[in-house]
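Colleague: Each chain is listed here by its residues.
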Amino acid sequence: MNGACHCQTCALAGGPGRPAGKPTIVAIVGPPNSGKSTLFNRLTGLRQKVANYPGVTVEQRVGKTRVAHGHEITLVDLPGIYSLTPGSEDERIAHDVLTGRMPGMPKPDAVLIVLDANLLSRHLMVAAPVLALGLPSMVVLNMADELSERAGQVDVEALSEHLGAPVALISAAKGEGLGPVLEFLDGKLHAAAPRLDRALLNDIPRCRLWAQHVGSQTWKPPSPPVWTQRLDRIFLHPRAGPLVFLAVVVAVFQTIFLGARPLMDAVQALVDVSGAWMASEIPGEALRSLVVDGIWAGVGSVVVFLPQILLLFLFIGILEDSGYLARAALIADRTMARVGLQGKSFIPLISAYACAVPAILATRTIENRRDRIATILIAPLMTCSARLPVYTLVIAAFIPERALLGPLLGTRAAALLCLYALGFLAAVATAGLLKSAILKSERTPFVLELPPYRRPTLRSLGLRLYDRARVFLTRVGTIILAVSILLWALANLPLEDGARPPIERSYAGRLGRAVEPLIEPLGFNWKIGIGLITSLAAREVIVSTLGTIYGLEGDAASVSLQEAVRRDLSPAGGLALLVFFAFAMQCISTIAVVRRETGSWKWPAVQFLYMGTLAYAGAWITYRIAGLLGS
Amino acid sequence: MLQLVFSTSAAREARSKASGVRTLADLAEGEAGILAELDLPEEAARRLMVLGFLPGNRIEAGPSAPGGDPRIYRVDGAEIALRAETAACLKLASDDQDAHR
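Chains as they are written, first to last, in the working numbering: chain G, -19 to 611; chain D, 2 to 102.
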């Protein structure tokens, strides 16, 4: 059944292995959930970066690893694929990179094919077409620890014989069995000729028969994942399932709000102490004002939110790595279907809680273009982490902390939860509108593979947090720093008799005054107006802007930012501000990524106007109602 | 035996009305059946086949989401969720001698 070595194939492949050459670019390929990225992280550690492929915004993760004698290798982590037939965007990328057709990306000299050892015969169907490409390849069977726990076995040598490629059995999560992989990367394990019948490749049933045959000769399948089945009995239970879902969500919010407090206070104290130190050390009034009132007040007021954002990413990481997120998508599918979307849209939408940009990139797993555009359009309505600083500041300013459900849920966490729900409902309602009017489409089959539950590793969570902290601090060091300096200049000019003008008469003040008539119906004054203008760059900039403005007013030393906001806004105006931020699309990065992903300015323009209208109308209604209730 | 049949939706409706063929959607949790035919457009069928939904393969129904839809199916050791509307297009062989475990 399995093809013997066809000499023709060997000739096409350039012979058995490359003569003595050590690989320098190695691609990592495999099906989703096989642990490619875990292996990639294990091999590269912190020496990795995420970039986009030229022309398309599919993320490309590239990292470096050093094997013996300082020989350095570039590793490329390809997206997870089920086949090499270019059906989805991911499969096309993997195919193009492996065949050297990706512009700006040299053809890899070697390939690590990562398969889940627990699903060997299934995953061999993915290995077959990759092996047939003829590049020096190693088949890496991952999750060896799980295989032995579940009493499965694999004969590595026999498998290697069948495939004509070296095989390693490893646990990427635990870092076990990596020796042969490093030897392969060092060019020491030469690949024999791939023993594959090319006729298999375009014939799925035959390919599966081959995979089953090889599997049956070399592999004892593990027992079913008992724990996964047990946990699913709870998490997918008709009544308990949705309750657990709700409990998880509530716990996350309560922890984000209360658990982050001590850490945030600590960062705040650091910012205050260093600011005071700089104020006493820096000579010259103008320079001191720029550094202390402009930069430090602005940047410092946003840096404070780092612990909270990391905590949110920690939870998202745990939910994703443990496998619960896929179950959540399953539970949500019926709701999503009601508005014409599918469960697959749910995963991008959940990751939009972190940031809309990766969420919009994640929509590429949706095959149907209209479904994909609908998901892209609603993703920025989900509450991203950039809104968190604004929400936290305003909620803390206006909502007193009281227990709602004993110690389980406080009023502030509940308010935050309501804002997240508001964003979600707006997203779902918008999707319903889009799908029933302009983006009608036939329903595509919903197919979702559920990985077994796994314990998230500290290493993988740590890398995620490191990555996020870097992204956040880069934003602080670029966009927020630049806006803070610009704003400081606008707030200090034009000079009146050689001195700084009162802030109302500065350029920034005049700008705020100019938009005041427009935003007065929402209960906002001109200072908030300045913040709304600067926050077009990024939402959290409003916090740094207010920090700078109040800093220049000379209040920052005596009262906290929170206190200053409370003095400046009515409670009704505060609520309106929250609603405004829930809906408005104030993010240059999102606009740029939507432009690239949809290929025209049409969709980002529609999205910006739609969300802006929604924000204005929502804030106006909130201000009126809250005013009537006299809250 | 492994011949695949792709048919139009009109033919599909006519046939499913005429014959009471069991489909994947008829399986209760824990029940299994042998897949006979994927009554889906070619691209959709290909995607499912890559995942193991191939004629002749044994497929076991697992738990469903609260509300009964979508349902998890076990194929070759993996768990894959399908909506009922898709599962209803995957027909089972009639002589399913080992349908019950």
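If you're looking for bench data, these hints aren't it; they were derived computationally from the structure. Even glycine gets a Cβ: it sits at the ideal position worked out from N, Cα and C. Fair warning: there could be bad hints in the mix.
As the list claims (entries may be wrong) - With beta-carbon atoms standing in for the labels, derived distance ranges:
id	chain 1	residue 1	chain 2	residue 2	range
1	G	N505	D	P42	50 to 60 Å
2	G	G50	D	G57	27 to 37 Å
3	G	G412	D	P42	54 to 64 Å
4	G	D447	D	G57	52 to 62 Å
5	G	W207	D	G57	43 to 53 Å
6	G	K87	D	G57	51 to 61 Å
7	D	P42	G	G457	48 to 58 Å
Said to hold, decoys possible - To list a few chain G residues with every Cβ distance to chain D over 10 Å, as calculated:
id	residue
8	M105
9	T208
10	D252
11	S269
12	L310
13	A317
14	A376
15	P432
16	D477
17	Y487
18	E543
19	A597
Claimed, not checked - Listed next, the stretches of chain G that the computed footprint assigns to chain D, with coverage defined by at least 3 CB atoms under 8 Å from CB atoms of chain D:
id	stretch
20	211 to 217
21	512 to 521
Colleague: Does each hint fit the structure? Answer for all of them.
Modeller: Status of the hints after comparison with the structure:
| no. | hint | result |
| --- | --- | --- |
| 1 | N505/G - P42/D: 50 to 60 Å | holds, 58 Å |
| 2 | G50/G - G57/D: 27 to 37 Å | violated, 53 Å |
| 3 | G412/G - P42/D: 54 to 64 Å | violated, 26 Å |
| 4 | D447/G - G57/D: 52 to 62 Å | violated, 45 Å |
| 5 | W207/G - G57/D: 43 to 53 Å | violated, 30 Å |
| 6 | K87/G - G57/D: 51 to 61 Å | violated, 38 Å |
| 7 | P42/D - G457/G: 48 to 58 Å | holds, 50 Å |
| 8 | M105 | violated, 7 Å |
| 9 | T208 | violated, 8 Å |
| 10 | D252 | holds, 49 Å |
| 11 | S269 | holds, 59 Å |
| 12 | L310 | violated, 5 Å |
| 13 | A317 | violated, 7 Å |
| 14 | A376 | holds, 36 Å |
| 15 | P432 | violated, 8 Å |
| 16 | D477 | holds, 71 Å |
| 17 | Y487 | holds, 56 Å |
| 18 | E543 | holds, 46 Å |
| 19 | A597 | holds, 34 Å |
| 20 | 211 to 217 | holds (count 4) |
| 21 | 512 to 521 | violated (count 0) |
In terms of the numbered hints stated before, the structure departs from hints 2, 3, 4, 5, 6, 8, 9, 12, 13, 15, 21, listed from lowest to highest.
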